[in-house]
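Student: Listed below, chain by chain, are the residues.
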Amino acid sequence: MKYFLTACAFLVCMLLPEILALSAVELDLTNGNAPPGLSHPFGQDLKGRDLFARVIHGARLSLMIGLAATLVSCTIGTFWGAVAGFRGGKTDAIMMRIVDFLFGLPFMFVVIIVLSFSGRSVVLLFLVLGLIHWLTMARVIRAEVVLLKHREFVQAARATGCSTWRILVRHILPNISDTVIVYMTFTIPGVILEEAFLSFLGLGVPAPDASLGTLVREGIVTLSVHPWQLAFPAAFLLMIIFSVNILARRIQHSLTAHSGMTASGINH
Amino acid sequence: MLEVANLVKRFPVRGGVFRKPLAWVHAVSDVSFALGQRESLGLVGESGSGKTTIGRCLVRMEEPSSGKIRIEGVDLAALDAKALKPWRRRVQYVFQDPYSALNPRMKVGSIVGEGLSVHTSLSRDEIRGRVERLLVDVGLSEEALGKYPHEFSGGQRQRIAIARALILDPELLVLDEPVSALDVSVQAQILNLLADIREQRSLATILISHNLAVVRQVTDRTAVLYLGRIVEIGPTAGVLDTPRHPYTASLVASVPEAGRPVTPALEGEIPSNITPPPGCAFHPRCPRARQGVCDRSLPELAGDAGHQVACHFPLG
Numbered sequence: 000m001k002y003f004l005t006a007c008a009f010l011v012c013m014l015l016p017e018i019l020a021l022s023a024v025e026l027d028l029t030n031g032n033a034p035p036g037l038s039h040p041f042g043q044d045l046k047g048r049d050l051f052a053r054v055i056h057g058a059r060l061s062l063m064i065g066l067a068a069t070l071v072s073c074t075i076g077t078f079w080g081a082v083a084g085f086r087g088g089k090t091d092a093i094m095m096r097i098v099d100f101l102f103g104l105p106f107m108f109v110v111i112i113v114l115s116f117s118g119r120s121v122v123l124l125f126l127v128l129g130l131i132h133w134l135t136m137a138r139v140i141r142a143e144v145v146l147l148k149h150r151e152f153v154q155a156a157r158a159t160g161c162s163t164w165r166i167l168v169r170h171i172l173p174n175i176s177d178t179v180i181v182y183m184t185f186t187i188p189g190v191i192l193e194e195a196f197l198s199f200l201g202l203g204v205p206a207p208d209a210s211l212g213t214l215v216r217e218g219i220v221t222l223s224v225h226p227w228q229l230a231f232p233a234a235f236l237l238m239i240i241f242s243v244n245i246l247a248r249r250i251q252h253s254l255t256a257h258s259g260m261t262a263s264g265i266n267h
Numbered sequence: 000m001l002e003v004a005n006l007v008k009r010f011p012v013r014g015g016v017f018r019k020p021l022a023w024v025h026a027v028s029d030v031s032f033a034l035g036q037r038e039s040l041g042l043v044g045e046s047g048s049g050k051t052t053i054g055r056c057l058v059r060m061e062e063p064s065s066g067k068i069r070i071e072g073v074d075l076a077a078l079d080a081k082a083l084k085p086w087r088r089r090v091q092y093v094f095q096d097p098y099s100a101l102n103p104r105m106k107v108g109s110i111v112g113e114g115l116s117v118h119t120s121l122s123r124d125e126i127r128g129r130v131e132r133l134l135v136d137v138g139l140s141e142e143a144l145g146k147y148p149h150e151f152s153g154g155q156r157q158r159i160a161i162a163r164a165l166i167l168d169p170e171l172l173v174l175d176e177p178v179s180a181l182d183v184s185v186q187a188q189i190l191n192l193l194a195d196i197r198e199q200r201s202l203a204t205i206l207i208s209h210n211l212a213v214v215r216q217v218t219d220r221t222a223v224l225y226l227g228r229i230v231e232i233g234p235t236a237g238v239l240d241t242p243r244h245p246y247t248a249s250l251v252a253s254v255p256e257a258g259r260p261v262t263p264a265l266e267g268e269i270p271s272n273i274t275p276p277p278g279c280a281f282h283p284r285c286p287r288a289r290q291g292v293c294d295r296s297l298p299e300l301a302g303d304a305g306h307q308v309a310c311h312f313p314l315g
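Note that the protein sequences, when read in sequence, are chains A and B.
Start counting the first sequence at 0; every next residue gets the next number (numbering that gives the first Met the number 0).
Start counting the second sequence at 0; every next residue gets the next number (numbering that gives the first Met the number 0).
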């Protein structure tokens, strides 16, 4: 029940466009900039496209990019951090210095350059966003693994003759899954916000698709005349980020309550 | 069955930009002993005496710095990870703290059966059957198989840990303070279980403990360690009833007894094992130490084969 509302909202965003056969691209040039009304609850944009459909489509795209980029970052980060933490010594030092080095780069700047030069695509967008977030993930996971590695049940597994791979998969990863899940849910809103930021700069998803960031950017232009064109996408963006954050906190609380382990103290 | 010769373990104390070793902690220095089939040896000493490190070297959780650990003439200390694997099942370890020794995310069945899935090609059903039988042997019910460790008490967890160590039918069991984390009422149960196990299986045990009562109950022979060296070794009754090393004597005297005021056993702290005292490491705290002898030369283990002591001026 706790997660019911979030799940519903998520499903609505994912399925509604298909069910209602909403078109976010159908033009209606004679009704450009029409205010909200019965047939178009959020009004219409400059080219007469239904803003409700555009917002729902945009929300779906933002969520998908958020999820995909988070998956990319958590996969790389977990693997990197687990190997570094478990191997220790020189491997650890080299791998974590690479992370430190990448952390030092002004990442948004690099992302903007990459996206400006390489042509825009959704896949590239979530790869690039995922590549930012794996760094923190790697650090968090490494710290957990270093702690776990010295726990006696891991040493017992080693003394029994378990291979490194088996120890990682059977003994280490299950014990850090809480951290991974919590960190993942905290990463999603961050990624969505960054995608919106890039879209706002005009570097986001290519037309005719539009994410919430693109819609906000279009809305800003006409703010003084047609304020609803900004209000609806901005409100959606806010709600998505808030709700995923609340969801993440809920998950964190319930996981820490269940296992009795300490919270990882991840904050955004 | 087991022969340990000149075992040395030093830990580096690292520092500086390049993490070079600045100094060495001498955890175990030149320790030798032998253990017969079905024999039980107690390792006794204060914390920092190196008793746990010796145990951990035996199962290669620590790499010995030098020395030999021989079973059937094969030096385990010299084997690489791959060659070591078949030997691992013959030497198993039971940890002090049954709470951190069991993976909280694995069911008891998988914890106990893991050794079998790593070392044998038995089917899941066969493993399950063996685990069930062993769980009953160590005093748990068969239903324990499907439960998680947090559903058990400390004593039950230690039974699970013992079952994990026994599943591979080891020839040597290293017990690191197996009861010191448990309630006194539970300690007796676990000690009885260990006694039963020794009776039923042909198994040598090494018991690491600071509790002399436990050592007396469980072991045939006892080695007393001080600062990484064996200072006295012999039959448990002989060592504890008629100690010959002043350190052993002070250990025995420090055990509280009803109706007798506890004599403060020793002055001072155990010295740093980064810079151990010259000569006999015990001389700064020893009531019998004589200047010019004990602070100069290191006493060797001497005496008849049964009861040896490393002291210039032994008691008795």
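None of these hints come from the bench; they were simulated from the model.
All C-beta atoms, glycine included, are put in the ideal place defined by N, C-alpha and C.
Take these hints with a grain of salt, some might be off.
[What the hints assert, rightly or not] Here's a subset of chain B near chain A, in silico, CB distances under 10 Å, partners left out:
1. Ser99
2. Arg104
3. Val117
4. Pro255
5. Arg284
[As the list claims (entries may be wrong)] DMTMM-like mimics (lysine to aspartate or glutamate), calculated; alpha carbons at most 25 Å apart, straight line:
6. Lys19(B) to Asp99(A)
7. Lys46(A) to Glu217(A)
8. Lys148(A) to Glu266(B)
9. Lys89(A) to Asp79(B)
10. Lys67(B) to Asp29(B)
11. Lys84(B) to Glu61(B)
12. Lys19(B) to Asp91(A)
13. Lys84(B) to Glu125(B)
14. Lys148(A) to Glu62(B)
15. Lys81(B) to Asp91(A)
16. Lys89(A) to Glu266(B)
17. Lys81(B) to Glu61(B)
18. Lys146(B) to Glu125(B)
19. Lys106(B) to Asp124(B)
Student: Tell me the numbers of any earlier hints that the structure contravenes, in ascending order.
Tutor: 4, 5, 8, 16
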